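Asks: Using the sequences and the hints given, assemble the complete structure.
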Amino acid sequence: MLFQNTDTLSQVYDSKWEASEGFEQDSSIIQWFSSNELVFVVGAVSLIIWIGILYYLIRIEKKLSLLEKDQN
Amino acid sequence: MRVWKILTAVLMTSVILVGFTIRIPSIDILQESARNLFLHVPMWPTMFVSFLTSFVYSFRYLNKPDLLLDRKAETATQVGILFGILGLLTGSMWARFTWGAWWTFAEPKMNLAALGLMIFVAYFILRQAFDDPEKRAKVSAVYQIFATTTIPFLFYVIPRRMNSLHPGAEGNPAFSEVTAVELRIIFYPAVIAFLGIAYWIMNILNRYKALEAKRISSN
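Note that the protein sequences, when read in sequence, are chains A and B. Each residue of the first sequence is one higher than the one before, starting from 6 at the first, in this note's numbering. Each residue of the second sequence is one higher than the one before, starting from 3 at the first, in this note's numbering.
Don't take each hint at face value.
[What the hints assert, rightly or not] Restricting the straight-line Cα-Cα distance to at most 30 Å, the calculated cross-link-like pairs of lysine-lysine (DSS-like) are:
1. B:K211 <-> B:K140
2. B:K211 <-> B:K66
3. B:K216 <-> B:K137
4. B:K140 <-> B:K66
5. B:K216 <-> B:K66
6. A:K74 <-> B:K7
7. B:K211 <-> A:K74
8. B:K211 <-> B:K7
9. B:K216 <-> A:K74
10. B:K137 <-> B:K211
11. B:K66 <-> B:K137
12. B:K140 <-> B:K216
13. B:K211 <-> A:K68
14. B:K7 <-> A:K67
15. A:K68 <-> B:K7
16. A:K68 <-> B:K216
17. B:K216 <-> A:K67
18. B:K211 <-> A:K67
19. B:K216 <-> B:K7
By construction, these hints were calculated from the structure, which means they are not laboratory data. Source: prediction; values computed, not measured.
Replies: Have a look at this one:
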């Protein structure tokens with residue numbers, strides 16, 4: 006099941022994205038969100054991962070400074 | 003904490019925020035995954051610069067044998083390998099859903115990148131073979147210099163002439179001509195941000211190793 010043959014090359018997919026239709030009546034914010042919603046999920050995931058890494062980096066910095074101060 | 007670290011943190015956060023919210027042109031096949039441009043591609047310049055840093059430290063070590071320089075060369079190589087592996091993983095992920103396969107031996111840049119990375123992994127295997135720190139440092143410095151000189155050929159000169167699914171191949175590398183402005187405006191700051199992260203990691207590792215060395219020598 007993991008290795009199904011998906012054809013990702015022979016067709017363009019935009020015509021199949023029906024979620025981006027039918028929003029002409031809505032406000033521009035709704036239109037903006039609904040046209041790209043899933044990619045925002047990816048963006049939010051990246052942000053979470055990055056903030057996690059940043060937090061870890063800053064924690065190590067603090068520990069190192071403490072150790073360096075102790076040694077000197 | 004130093005200014006450059008804070009700036010790196012701010013820059014990286016903005017790159018992610020803006021990169022995912024900016025409107026990009028409609029691109030065949032890639033669609034929204036084109037945003038990987040500022041996540042996958044910067045891994046490689048970061049790797050190059052890390053290995054170049056290691057090259058410089060190795061060179062300086064051979065001029066004036068100081069184990070501190072050898073430690074810094076080792077750290078830079080470690081960070082370079084980290085970003086190389088991340089580049090391969092992110093590239094493979096992207097390839098599965100755009101080229102149709104996790105890996106293909108027909109793609110020159112992908113395979114030469116893996117080969118180049120293996121050359122640097124050998125650097126660490128080489129280091130394990132020596133007990134004497136000075137000898138280890140000298141031999142690995144020489145190896146590092148030779149290894150780094152293979153990088154421009156494996157990653158840049160050879161792949162750009164061959165048939166490839168990577169853009170910028172088949173003798174036509176013009177990046178700024180084929181890449182949309184919206185993507186490039188995120189890409190260049192992303193490279194700088196990732197370089198900052200690489201140097202941050204190197205800085206932390208070097209300080210840790212310095213502390214270790216001082217602790218061992220005082221015992």
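Asks: Run every hint past the structure and note whether it holds.
Replies: Structure-based check of each hint:
Among the hinted pairs, K211 of chain B with K140 of chain B is consistent with the structure: their alpha-carbon atoms are about 19 Å apart, no more than 30 Å. Taking the CA atoms of K211 of chain B and K66 of chain B, the gap is about 20 Å. The hint holds against a cut of 30 Å. For the proposed pair K216 of chain B and K137 of chain B, the alpha carbon gap of about 20 Å is at most 30 Å, so the pair holds. This hinted pair checks out: K140 of chain B and K66 of chain B have alpha carbons roughly 11 Å apart, not beyond 30 Å.
At roughly 21 Å between alpha-carbon atoms, K216 of chain B and K66 of chain B fall within 30 Å of each other, so this suggested pair holds. Between the alpha carbons of K74 of chain A and K7 of chain B the distance comes to roughly 20 Å, so the proposed pair stays at or under 30 Å and holds. The straight-line distance between the Cα atoms of K211 of chain B and K74 of chain A is roughly 15 Å, inside the 30 Å bound, and the hint therefore holds. Among the hinted pairs, K211 of chain B with K7 of chain B is consistent with the structure: their alpha-carbon atoms are about 20 Å apart, no more than 30 Å.
In summary, the hint linking K216 of chain B to K74 of chain A is supported, as the alpha carbons are separated by about 13 Å, within the 30 Å threshold. Between the alpha carbons of K137 of chain B and K211 of chain B the distance comes to roughly 19 Å, so the proposed pair stays at or under 30 Å and holds. Taking the CA atoms of K66 of chain B and K137 of chain B, the gap is near 14 Å; set against the 30 Å cutoff, the hint holds. A distance of roughly 21 Å separates the Cα atoms of K140 of chain B and K216 of chain B; the hinted pair therefore holds under the 30 Å criterion.
Among the hinted pairs, K211 of chain B with K68 of chain A is consistent with the structure: their alpha-carbon atoms are about 14 Å apart, no more than 30 Å. Between K7 of chain B and K67 of chain A the alpha-carbon distance is near 13 Å, which keeps this suggested pair within the 30 Å criterion. Using a Cα cut-off of 30 Å, the hinted pair K68 of chain A and K7 of chain B holds, with the two alpha carbons roughly 16 Å apart. Between K68 of chain A and K216 of chain B the alpha-carbon distance is near 17 Å, which keeps this suggested pair within the 30 Å criterion.
Among the hinted pairs, K216 of chain B with K67 of chain A is consistent with the structure: their alpha-carbon atoms are about 19 Å apart, no more than 30 Å. For the suggested pair K211 of chain B and K67 of chain A, the alpha carbons sit about 16 Å apart, so the restraint of at most 30 Å is met. Distance check on the hinted pair: K216 of chain B and K7 of chain B sit about 25 Å apart at the alpha-carbon level, within 30 Å; holds.
The structure fails none of the hints (numbered hints given earlier).
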